[in-house]
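A.B. asks: Chain E: place on chain B using the hints.
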Amino acid sequence: QQPVQSPQAVILREGEDAVINCSSSKALYSVHWYRQKHGEAPVFLMILLKGGEQKGHEKISASFNEKKQQSSLYLTASQLSYSGTYFCGTNAGGTSYGKLTFGQGTILTVHP
Amino acid sequence: DAMVIQNPRYQVTQFGKPVTLSCSQTLNHNVMYWYQQKSSQAPKLLFHYYDKDFNNEADTPDNFQSRRPNTSFCFLDIRSPGLGDAAMYLCATSRASGSPETQYFGPGTRLLVL
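Listed in order, the protein sequences are those of chains B and E.
Numbering-wise (our numbering), the first sequence opens with residue 12 and increments by one.
Numbering-wise (our numbering), the second sequence opens with residue 302 and increments by one.
Bound conformation, chain B alone:
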């Protein structure tokens, strides 16, 4: 079952912060976050494994609440290069490699 992302779209000024949420009705083993720019392939951002961990990469970080089957992606001090569509991919386990089901995406637009 497809995870649900919110919001569907976000418009920011450079330097502002944003949070993108991803919720699943299934018990999850891991959550994967990707960013896709128009006409390009998705680019990997980070993986979060069950255990409630939080990860960070420069000004982009994420958390995974295993009990709620929710993950949030935090973008701080946004830059123009952050614009794109963000997808969460969820893995409910059952394989040794993490087959993913992607959410519908959140369109992030950063203006100067």
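Quick caveat, the hints were computed from the structure, so don't treat them as lab data.
Here a beta-carbon is modelled for each residue, glycine too, at the ideal position from N, C-alpha and C.
Straight line, CA to CA, 25 Å or less: simulated DSS-like cross-link-like pairs of lysine-lysine: (1) B:K61 to B:K78; (2) B:K37 to B:K61; (3) B:K37 to B:K78; (4) B:K48 to E:K345; (5) B:K61 to E:K345; (6) B:K37 to E:K345; (7) E:K318 to E:K339; (8) B:K37 to B:K79; (9) B:K61 to B:K79; (10) B:K48 to B:K70; (11) E:K345 to E:K318; (12) E:K339 to B:K48.
Estimated spans, in silico, between C-beta atoms of each pair: (13) B:E69 to E:I306: 27 to 33 Å; (14) B:V30 to E:V313: 39 to 45 Å; (15) B:S17 to E:K318: 40 to 46 Å; (16) E:N308 to B:I22: 33 to 39 Å; (17) B:A20 to E:N329: 36 to 42 Å; (18) E:D378 to B:A20: 32 to 38 Å; (19) E:P370 to B:I22: 45 to 51 Å; (20) B:V15 to E:T361: 20 to 26 Å.
C.D. replies: What follows is chain E alone, placed relative to chain B:
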């Protein structure tokens, strides 16, 4: 650089005319995936190979087939393309390590059906 390569980047075919999309990888990953992505939608998994084992998604139409002749190459065959099959087709690879692994995507092939 190790990478996932897809050819062609753009493919135009006629309604009902078979078409083959190709994917190759230099990452030596066990798992190769094919996704269909329509405009403004999420990538939808069609099928994947774990080594030579083929795994079809339950809702993938029979019109879509795949071949993996060796570790490096994987093909997507659309036997009789319909107008609704126009989309971006993404190939991805990952390792199988016992833990969820990053999927690395190729640049995609955009298919147009006339």
